[in-house]
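**Q** Okay, here's what each chain looks like letter by letter:
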Amino acid sequence: MNLVCICVRSRLAALAASGTEMEPTSWAARHVAACPDCSRERRALASLAGGLASTRLPEPDEQEFAAAVWRKIDALPAPVHRAAWWQSPGLLAAAAGACALALWMAREPAGVGVIAPPRAPASTTRVGGPAGPVASISPASRPKADLLTTPPAAPAPRVRKPGVAKERTPVIPKLRPGLNPAAARPRRMLASAGSATTGSTVAWSDWGSYYEQKGDYRSAAYAYGMAHSEKRDPTTAFAYGRASEASGDLASAMDRYAAVLEQDGG
Amino acid sequence: MHTIAVTRPHWQTESDDRALAAAARDGDRSAYAVLMARYRGMAFAYSLAALGNREEAEDAAQDAFVQAYAAMPRFDPDRAEWAAWFMRIVRNRCRDGLRRRSVRRPAEMPLEIMDEAPGPEAVAMADSRRRVLMQAVAALPEAQRVPLLLHYAAGKTRGEIARALGVPESTIIGRLAGGLKTLRRRFGGEGLI
Ligand SMILES: [Zn+2]
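Sequence order for the protein chains is B and S. The numbers in the numbering used here rise by one with no breaks, and the one at position 106 of the first sequence is 106. In short: position in the second sequence from 1, add 1000, done, that's the numbering used here.
Looking at chain B on its own, in the form it has when it is part of the complex (with noise of 0.2 Å):
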């Protein structure tokens, strides 16, 4: 199998998936039309998506689904119909209460608002960024149900690292901390450590990599793009054109397969 029989399975696995047919005189076309492998890929390509057709989820009777859900709506809590804040007295004595404490610390000076004594500046819990007007109270007098019902705070915005480059946010915004690919595979992820160019531990293959797993082309391509500005080599440039491909791009794909049919010489 050579690098064309590549480049046409991975049309013929999309072409079968968006359901087109390849243009007759296309190079790919011909070239099927020649080789008895990738004539076999496409038959049995075609063959796995008439078996996945054939076979039938079944589905739920009508009747019964519509009764039951209206049973379980039917079953649901009555909404609570609450009265008016102000028309309890407790709450309406909370908010005067409220108001005047705000009213208090508006008297203080500007930027810094402190609940806990001054004395304690050690035990005190900062709840507010890590810089700037923060307003404080101590552990002890921060009530107990708001720590059960306030949602953890979010954590604090990373310090930019100076050299840094700005075009890296574009994918890695996208990744979930329980799925680094660093984490869980180091020692391929480091040996491209300390590229010159990304800055970054992880190569943009890698990244293209796997973002591809993940079935998130766009930003494949986007990886696997960054990776063949840094190494212009045919394999980076065939799975840019993969990812391309795969993402709807069929004019990059195309561009990047031929690309990569001019350095192979066919």
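Since the hints were made in silico from the structure, they are not lab data. Quick reminder that beta carbons are idealized off the backbone N, C-alpha and C, glycines included. Fair warning: there could be bad hints in the mix.
[To be verified] No farther apart than 16 Å at their CA atoms in a straight line, the calculated lysine to aspartate or glutamate pairs in the EDC-like style are these:
(1) B/72 / S/1059
(2) B/231 / B/206
(3) B/214 / S/1142
[As the list claims (entries may be wrong)] Derived DEER-like restraints, expressed as beta-carbon distance ranges:
(4) S/1076 / B/98: 26 to 34 Å
(5) B/29 / S/1070: 50 to 58 Å
(6) S/1185 / B/62: 37 to 45 Å
(7) S/1188 / B/33: 17 to 25 Å
(8) S/1027 / B/26: 55 to 63 Å
(9) B/27 / S/1070: 50 to 58 Å
(10) B/34 / S/1188: 22 to 30 Å
(11) S/1131 / B/78: 46 to 54 Å
[Said to hold, decoys possible] To give an idea of the chain S side of the interface with chain B (calculated C-beta under 10 Å), a few residues:
(12) 1048
(13) 1057
(14) 1058
(15) 1070
(16) 1137
(17) 1149
(18) 1152
(19) 1153
(20) 1158
(21) 1170
(22) 1173
(23) 1178
(24) 1183
Dock chain S with the ligand against the given chain B, drawing on the hints supplied.
**A** Chain S with the ligand alone, transformed into the frame defined by chain B:
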């Protein structure tokens, strides 16, 4: 008790999801029943493809309709498409279902995704071969398995699947292609039909 509109409801003439959702939000249960009839198939097919078990899938799809009904007062038809909003509820419900399971490995998914009464085309394929094909499908990652089953086994279009999953259609084509390639590698695929 179901509310029956005496005058001809406006969604019967406009017949679009937005009007149905607006009527349902205002308490018109017959409008919600129409939405249910319209999206029951997709909700159940998605749940079955994601969970791999008929009973759990039926529960998940029903629960999603119940959750959506309870949340209808917060739904704004002018700001969101009902189908996308509802399918997000379905996906979250299925995710919860998977989380509740102690074992999440797809290879151990229950294989109750085949119809007990296959059509004439399916009879042509040996039952054992069909079973092996479904085992290979069940072992696929969810991102590929769900579009493959929705498209080929449930007959949903790529556009419908894209809307249901909240991704572009090109992503669905990519996932279908990836799924076919993985199946071809693991299962073969020649001579199925
Ligand atoms: Zn070939």
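**Q** Hints first: check each against the structure and report whether it holds.
**A** Consistency of the hints with the structure:
no., hint, result
1, B/72 / S/1059, "holds (11 Å)"
2, B/231 / B/206, "holds (13 Å)"
3, B/214 / S/1142, "holds (10 Å)"
4, S/1076 / B/98: 26 to 34 Å, "holds (31 Å)"
5, B/29 / S/1070: 50 to 58 Å, "holds (54 Å)"
6, S/1185 / B/62: 37 to 45 Å, "holds (39 Å)"
7, S/1188 / B/33: 17 to 25 Å, "holds (23 Å)"
8, S/1027 / B/26: 55 to 63 Å, "holds (57 Å)"
9, B/27 / S/1070: 50 to 58 Å, "holds (57 Å)"
10, B/34 / S/1188: 22 to 30 Å, "holds (24 Å)"
11, S/1131 / B/78: 46 to 54 Å, "holds (48 Å)"
12, 1048, "holds (6 Å)"
13, 1057, "holds (8 Å)"
14, 1058, "holds (5 Å)"
15, 1070, "holds (6 Å)"
16, 1137, "holds (7 Å)"
17, 1149, "holds (6 Å)"
18, 1152, "holds (4 Å)"
19, 1153, "holds (5 Å)"
20, 1158, "holds (7 Å)"
21, 1170, "holds (3 Å)"
22, 1173, "holds (5 Å)"
23, 1178, "holds (6 Å)"
24, 1183, "holds (6 Å)"
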